[in-house]
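Protein chains in written order, with this note's numbering: chain S, 1 to 278; chain R, 1 to 38.
It is possible that some hints are incorrect.
[To be verified] Which chain S residues face chain R? A few, computed with CB under 10 Å, are given here: (1) C27; (2) Y34; (3) S38; (4) A39; (5) S42; (6) G55; (7) G69; (8) A70; (9) S99; (10) A118.
[Stated by the list, open to error] Calculated pairs, DSSO-like style, for lysine-lysine (alpha carbon to alpha carbon, straight line, at most 27 Å): (11) S/K195 / S/K130; (12) S/K195 / R/K2; (13) R/K2 / S/K97; (14) S/K130 / S/K216; (15) S/K195 / S/K161; (16) S/K92 / S/K176.
Derived by calculation from the structure, the hints in this document are not laboratory data. Using N, Cα and C, we set each Cβ at its ideal position, and we do this for glycine too.
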Amino acid sequence: MGAVLPNSYVQGILTASLYQGSLKSVCSPLLNCYACPSALFSCPIGTLQHFMVTGNVPYYGLGTLSAVGATVGRMTCGTLCPFGFLQDILYKFRAWKVSIPVWTRYFRYAVLVALVFAIPYATQENWFSKLCPMGTLIGGLPWITLNVNIRSMIRSLFWVKIAILLFFVTTSTLVKRPFCRAICPLGAIFSLFNKSSFLQLAWNPDTCTRCGKCQKICPVDIRPDRNWTNPDCLRCLDCTRCPSLKLTTVFHQQPFGVPGASPAGAAVAGDLSGAAAR
Amino acid sequence: MKGRPIAFIVTAVSAVSILAYGIFREEIGEVMFNAAML
């Protein structure tokens, strides 16, 4: 749905033109390139960069992202983001699987500060957009296919963009969501809200057997039973198939009821065996 | 855990205030113009 809905301006592909209607004033909470011929909404990261390039504070863009983050945390990354969905599909390919260290998460904050705020402000160029693999995939490549004039404008930067896209396509077959975990500046913004967002993940220590199957099905390879407000958590809710984890709200103090109120026999350990084999 | 509802309310009010200020500054028009002029 996240891939189709924001890119449903089919006329743009048929006529090789950009949608210029009022919906383009809305920043979608997804990494979705607004240079894509079928894009209906604006890219939030492109919008932030545009305001930095013009020397202004992006109140509208930051306010939109903060409002979404305060409500659902990183849930749009886990449920709607088209580039995240692509990485999930690529990881299903049979290949040698590796895990990346936790400290790589800090790199996405560096990307946010450097490539979205500082360098665009200093150089007056949208540097993240110039290198974004999602922009290459749904913006650059369709335009080169549709428009001969744009094809003649290809320079060395285009091949750098292709190399970056190929790097993430390849690594996505080996590592769970490498771009989301280590690079995505939109994910970096939303992850700041995971601890205080309205929607929260709740964990029940009384029923959890610490089997670790939640980590096997987690698209970012984390243990929700160890830290259920982890900034890496995408709130995809795959782990809530286990009865020890559930979606709740920040106002719910006892999401699993009063401890000890249920009979011991009713404490069902999470059965994620079917999901883990997925 | 008990501080989280307060943290949420503070965050939500701040987010809506920033968004409202952005709308007041008519940034929506600039966002649309930027997206249309790519």
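- Message: Check the structure against each numbered hint from earlier and tell me which ones fail, lowest number first.
- Response: Hints 3, 6, 9, 10, 11, 13, 14 and 15 not satisfied by this model.
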